[in-house]
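Model the full structure from these sequences, guided by the hints.
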Amino acid sequence: MKPDVKICGLSTPDTLDAALARGASHVGFVHFARSPRHLAVEPMAELVRLVAGRAATVIVTVDPDDALLARFAEEVRPDWLQLHGKEAPERAAEVKARTGLKVMKALPVAEAADLGAVAAYRSVADRILLDSRRPKGSNLPGGNGVAFDWRLLDALDPDLPYMLSGGIDAENVAEALAIARPSGIDVSSGVESAPGVKDVARIHAFFDAIDRLTAAGRARKAIAP
20 MKPDVKICGL STPDTLDAAL ARGASHVGFV HFARSPRHLA VEPMAELVRL VAGRAATVIV
80 TVDPDDALLA RFAEEVRPDW LQLHGKEAPE RAAEVKARTG LKVMKALPVA EAADLGAVAA
140 YRSVADRILL DSRRPKGSNL PGGNGVAFDW RLLDALDPDL PYMLSGGIDA ENVAEALAIA
200 RPSGIDVSSG VESAPGVKDV ARIHAFFDAI DRLTAAGRAR KAIAP
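For the sequence shown, position 121 (counting from the first letter as 1) is numbered 140 according to my numbering, and the numbering increases by one without interruption.
A hint or two may mislead.
[Unchecked claim] Taking CB as the label site, the calculated pair distances span:
#1 A40 - K105: 27 to 37 Å
#2 G104 - I198: 24 to 34 Å
#3 L69 - I198: 15 to 25 Å
[Claimed, not checked] Here are the simulated lysine to any residue pairs, SDA-like style, with alpha carbons at most 20 Å apart:
#4 K115 - D133
#5 K115 - G104
#6 K21 - A213
#7 K105 - G42
#8 K115 - A136
#9 K105 - D133
#10 K115 - L69
No lab work stands behind these hints: they were computed from the structure. We put the beta carbon where it would ideally sit given N, CA and C, even for glycine.
In structure tokens form, the structure reads like this:
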């Protein structure tokens, strides 16, 4: 079964078109001033309009206040808000109620104890995203190009529909899917030529890797007794 694929941190029409043409289930746009992928509200709204229903649109934001949430809901009109800060479960529920949008909550993972946070958000977030804890020296909560030990996720409820993020690219996505078995994959730095610069060729290479896995899975199923 093909996983959902979210290409995050898109900022140009050509890279957005490449992601959509290859069947991305979700496309993400970052609004966080410290990020090299940051977009102001107006250009973000333009890109969301270009999607025109071909994929779910996601705004990635960090501890947004109510005024910013109102701008997202009224001016951008995405399908999802991805909360990538320190938002408590109560705040995540409030964001969902205030905006009427689906909420994806990102949780940082570095060790097994970090997975304890999942239970508190599972009932309020529409989806959980498990990302690498930011490395020392980074001031970004995500998009750092660093993976964590995916074997930690063996402890998760197998019925949890989560997205996996952190250091995933065309070279290791097969391993990530085999070990973690997530329902979706989120990639950002893994399809960039430089921080914040999405690369059309790398987007295609990533989807080529996904397609090879999907085809191999179909072939195994066809020859199974």
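Quick rundown of the hints versus the structure:
1. A40 - K105: 27 to 37 Å: Between A40 and K105, where Cβ atoms are some 36 Å apart, the hint holds.
2. G104 - I198: 24 to 34 Å: 27 Å, holds
3. L69 - I198: 15 to 25 Å: 35 Å, violated
4. K115 - D133: 24 Å, violated
5. K115 - G104: Holds. K115 to G104 sits at ~15 Å (cutoff 20 Å).
6. K21 - A213: 28 Å, violated
7. K105 - G42: 31 Å, violated
8. K115 - A136: 19 Å, holds
9. K105 - D133: 13 Å, holds
10. K115 - L69: 24 Å, violated
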